[in-house]
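Number of protein chains: 2
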Amino acid sequence: MRAALDLFTAQGYDNTTVAEIAERAGLNKSTFFRHFRDKREVLFAAQDVLRQLFADGIAAAPAAATPLEAVAGALAAAAAVFPPGQRDLAPQRRAVIAAHPELQEREALKRAGFAAAMTAALQARGVPDPAASLAAELGVLAFRRANACWADPANQESFDELARQSLQELQAASITLS
Amino acid sequence: MRAALDLFTAQGYDNTTVAEIAERAGLNKSTFFRHFRDKREVLFAAQDVLRQLFADGIAAAPAAATPLEAVAGALAAAAAVFPPGQRDLAPQRRAVIAAHPELQEREALKRAGFAAAMTAALQARGVPDPAASLAAELGVLAFRRANACWADPANQESFDELARQSLQELQAASITLS
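Quick mapping for you: the protein sequence lines, in order, are chains A and B. Per the numbering used here, residue 2 is the first one in the first sequence, and the count goes up by one each step. Per the numbering used here, residue 2 is the first one in the second sequence, and the count goes up by one each step.
Isolated chain A, as found in the complex (with noise of 0.2 Å):
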């Protein structure tokens, strides 16, 4: 992942070939191809993880917990594909995926399968429609808001501390709404 983005970043997406990401990272192609379908997919890998780790944190909550405590379940799940030392890698991340329009269209994709994910998890736990898809999709706005600070090399907190603000700032919002 670094050396792609770095590569990406240094030389342009389009101008970076699998072969170069590879010798970056000291892997050989075909190890490379084991990992990843192509080079599109090193920005993505981390997505297929985060669906399942977001499924497995809602049916890891409380039996008792509310479908909003068990999206919080999630998202604190979700904490482990963003430790620290990674941190830098975020904002170039968004620079090249903001400069391609199929790889914001790869992204927006990702992003309805993290929803579809948590609303499965939620109506396995036995919350109705169309409670479920609402709960699942302010845990992927509460995500995003905190990838996004995530990414602002301002910011020093946590990922799990800015999932947990992100989440309580939309209940908050929530009873604003009508």
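In case anyone wonders, no lab produced these hints; they're calculated from the structure. Every residue gets a Cβ at the ideal spot worked out from N, C-alpha and C, and that includes glycine. A few of these clues could be false.
Listed next, with one range per pair, are the computed distances between beta-carbon atoms [as the list claims (entries may be wrong)]:
no., chain 1, residue 1, chain 2, residue 2, range
1, B, N16, A, A64, 45 to 55 Å
2, A, T18, B, Q157, 46 to 56 Å
3, B, E162, A, T18, 49 to 59 Å
4, A, P102, B, A125, 20 to 30 Å
Knowing the structure of chain A, use the given hints to seat chain B on it.
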């Protein structure tokens, strides 16, 4: 749109050319390209109109309207894109998109654009973030749910009515989340 969907359904999206769509619609190719960048855009042209209708609907809400009342105005404005005479196209369109990952990506990005347009329009009314983002996501979720009912041949209600019901259901569900 009908010409394109008929061809996509009959012979497959991948096997259909712009020339065939134009011929069936009684257009020459240059007229086609004045309206659509490529065959993919035939499926998504309404999305750009919708984005504007959402923004205009929110802007046109009375000054005293709550964020969700303004969102209801956005959904009511969107009904213009869902005339009863074109209802039979909706399941065809969904089937084509469901069968093509690259069309799903485009669809996901367009939906992200809906939320962004609604958020900006709400902020322009003085709704602070994250309330504006949250109301917008709720609006997009209501829109998607109404859209799914609209594409169900068993459903007979107008889009306007479906959107109104969907938003009310989400509002009722929101108080069950925590």
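We went through each hint and held it up to the structure:
1. B:N16 <-> A:A64: 45 to 55 Å: For A64 of chain A against N16 of chain B, whose Cβ atoms are near 51 Å apart, the range 45 to 55 Å holds.
2. A:T18 <-> B:Q157: 46 to 56 Å: holds (55 Å)
3. B:E162 <-> A:T18: 49 to 59 Å: holds (54 Å)
4. A:P102 <-> B:A125: 20 to 30 Å: Between P102 of chain A and A125 of chain B, where Cβ atoms are some 25 Å apart, the hint holds.
Hint compliance for this structure: every hint is met.
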